[in-house]
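A.B. asks: Line order of the protein sequences matches chains Y and D. Throughout the first sequence, residue numbering follows the working numbering, covering 106 to 285 in sequence. Throughout the second sequence, residue numbering follows the working numbering, covering 1289 to 1998 in sequence.
Simulated from the structure, these hints should not be mistaken for lab results. Don't take every hint at face value.
[Said to hold, decoys possible] No more than 25 Å apart at the CA atoms, straight line, and that leaves these computed lysine to aspartate or glutamate pairs for DMTMM-like:
1. Y:213 with D:1850
2. Y:267 with D:1356
3. D:1954 with D:1359
4. D:1878 with D:1850
5. D:1487 with Y:232
6. Y:271 with D:1575
7. Y:251 with D:1457
8. Y:273 with D:1613
9. Y:173 with D:1613
10. Y:271 with D:1356
11. D:1507 with D:1850
12. D:1520 with D:1563
13. Y:186 with D:1613
14. Y:251 with D:1957
15. D:1507 with D:1575
16. Y:186 with Y:232
[Claimed, not checked] With the Cβ distance kept under 10 Å, some of the chain D side facing chain Y (calculated, not the full set):
17. 1350
18. 1720
19. 1953
[Stated by the list, open to error] Just so you have them, the derived chain D footprint on chain Y, three or more residues with Cβ under 8 Å:
20. 127–138
21. 174–182
22. 250–257
Beta carbons: idealized from backbone N, C-alpha and C, even for Gly.
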Amino acid sequence: MRRVAVVIILLLLGYTPVHAEATEYQVKAAMLAHFALFIDWPPAALPTADSPFVACVVGEDPFGSWLKHELGERVGSHPVKIRYLKKAEAAQECHMIFISRSEQGRLKQVLASLENKVALTVSDARDISYFCRHGGMIGFVMEGRKVRFNLNAEAAAKAGLKIDSKLKRVSGSTLCGEGR
Amino acid sequence: MSKSRIMQCHTSRTPKRWRDMILLLLIIIPVNASAAEPASSSPEQRSPQQTRKESQLPPRLSELELEELMDIEVTTVTRKESTMGESAAAVSVIGQEDIRRSGATTMAELFRRVPGMNVARIDNNKWAVSARGFNDRFSNKLLVQRDGRTIYDPIFAGVIWNAVDYPLEDIERIEVIRGPGASLWGANAVNGIINIITKSAKKTEGGLFSAGGGSQEGKFGAVRYGGKIEDKVDYRVYAKAFEREKQFSQLGDTHDRWDGASTGMRVDWRQSSLDSVTMQGDYLHSDAESQDPDLQMTPPFISLLPNRSVSKSGNILGRWTHMTDEQSSWTLQAYWSRFDTRRKAVGISNDNDSYDLDFQHQFPIGDQHKFIYGLGYRYVDQTTGNSLSDDGLSLSWLKNRFFLSTYSAFLQDEYVLVPYTLSVFLGSKFEHNDFTGIEVQPTGRLLWTPTHRQTLWAAVSRAVRTPSISEEAIELSATFPTTLPSGAQLFPRLTGNPDLDSARLIAYELGYRAQVLETFSLDSALFYNHYDRLVLAVPQSIQGGFAPGTAILPVRFENRMDGETYGVEIGADWRPAKWWRLYGTYSFLKMKLYPDRSLPERTRADAESAEGRSPQQQAFLQSSFNLPQDVEFDLIGRFVDSLPGFAPGIPSYFSLDARAAWRPRKDLEISLVGRNLLDDHHPEFGVSSIIATPVVEIRRNVYAKVSWRF
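Using the sequences and the hints given, assemble the complete structure.
C.D. replies: Written as structure tokens, this is what we have:
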């Protein structure tokens, strides 16, 4: 029995998986990269072809190096900048704002302070319908071990953002506040 | 086998076992360091100059299509939340993947992975299942529900596990709550609640065929088909059947074969985004072998009779859920269930029909209160039959028919003191039953989430266990006699007590949950339970016997015992690498019973032996590997402490189960499962307190299974 166990474990060590598996925040970072491409910001927000695209993380950073890895150097023609913010009030130039789960208790205030900004708000807070009710635009939800997202198209339109129809099609948006 | 021999072979085995364990650990530990993921490197490390390092990072997922991204399984181990959301209770969720990878073929085996649960296989068709102690084949402090329907035998206020044989593939999740849930679920939700939730019909579209066989498991097969009746109406139907073999006994035949067949259906109608209606029903047939003591008029007066217990059970349930707005909803549910069992050789029959109506409504009041209330009514028509083979000598009842009504109401308020940080739950159930009248079962709970990664909760609750029909009305003489000085055989006769009161519990609980790392989560609970008015059997004065040379000692159920239990339960879930998951639990339980001091010493000792019938320590460790070529490999190791409360005592045991599964195609799975691999056979439970039959030992067994989706 013991010898069998040893052999099995030694065999396992040599392998890396060929499965479609990844860490949660690499997948979420990759999805943020897609959102950046499938959403149009008004010309005033990105005036020239080389104006920087600023992605911000509010609260505790869950991504580590994944966000930079997945967003890459550029979004379209715009060079990418990433900012890590303690407070949402500092989100002056952000185009996309990821609100970390650590902000759940302050979601309402965070979203209120972002109300007049031309920025896409994304979160994976525990209560996504609450996030959407207070003006959040894209909420990550888990379906089993797969990452899904819900849209609040109305809130995005109010901020002047245009969402590509493909994004609307693949989202499971019904749970996301009034934005269905 | 004598007690000393059991203990001896146990001790001689232990050092080797420990050596194996340590060796395994040594192999596992160094792996972790090398399995650490590159993701943990900080952003600063990846400056543009270090392009070589960058090339070692995994490929960019953002280059995949969005749909492909949505199909990736993430490796995070977040604690699965119960349908009640973040809760101030010790809740564990068993998901479909856990069920599939456990290799379990019966419902009861699934609970072994939950800390604080006591699960022992008595033989091939009987189990003892309880939470936080008091384990017995006739455990009566656990509430089991399937899709909102209570599975409950009013005769002993418990569950006959061989009549709960629903297909495991149809289960969406099982929520196990340790500790009292009486404020919501009512009487008998004293030490725990098990909620079995099946998949909606929409999630089981298409066909599923599975079949397999092996030692002890015998042959089994199941088929399921689901589809759409029209746009918003989904259905599924299933049928399954099996023929199980025997386990092992030192004393000859085990009499524990088990055959069964069942069929059922479920229809879900999503009328709109606000209304949904579910109709479901099942019919189960079970034929389980047993050995039952039977009395005779001539010496030796009692013998064990090979018997068969044939049960038929059916149920129909309808449920309508309406969302009044995003945070408010109500549910109306009604069901009928029937359970009918016959013990062939002794001619005992029991049957009952239960009718249940239930309404629940939840809604917020302002920003700070989430309110939920419910109303319920249950009517049970129970017929209890005498033993026909001997004119009721072995078993008879003070009454043969019971009509029982239970009215209940509950309310609970969640008072949100600080949103998503601090909540107080206050609630109570009010219930009226025909045995003890009105019962009030309140709870107070505190939920504190200081950070989004940590939760602390505390609870104080009161719960009651209402008497069962057998405690009120049984007359069971078929128990093994003792010899009086005169030489006469003294037969104890278990005698019901119509004046019996509810047993009461005050429970104090404390819990802590943490998402320590993205790949590591922890869940722990501490509890202290204080019981009073527990039921024990008290000898009365000796009466004349049923034949010359015999005498009868009536032993009556009385509320004359206090008790306390305390314990710790820890569960941890860790993914050291993308392809490897480790899940482990540890449970500690201490049980103290205090029978009334005025009772005879023998009676007290008998009652106290229950302290040693639930394991003091238990551990569970599952290692799940996802290998290349779509191969899954699982190892499950368990330790269960000794049960000295039985005579002879049941030694502690280690067991090892293994499962390998291969998916050559997306719609086909072939699996091979081996269980109890470490020894030929070992007992998990001793001689039952009420029906004394020889101890059966659980064998090593192997089975193979094929599942095909079409």
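A.B. asks: Please name the hints from earlier in the document that this structure breaks, with their numbers sorted from lowest to highest.
C.D. replies: 1, 6, 9, 11, 13, 16, 18 and 19
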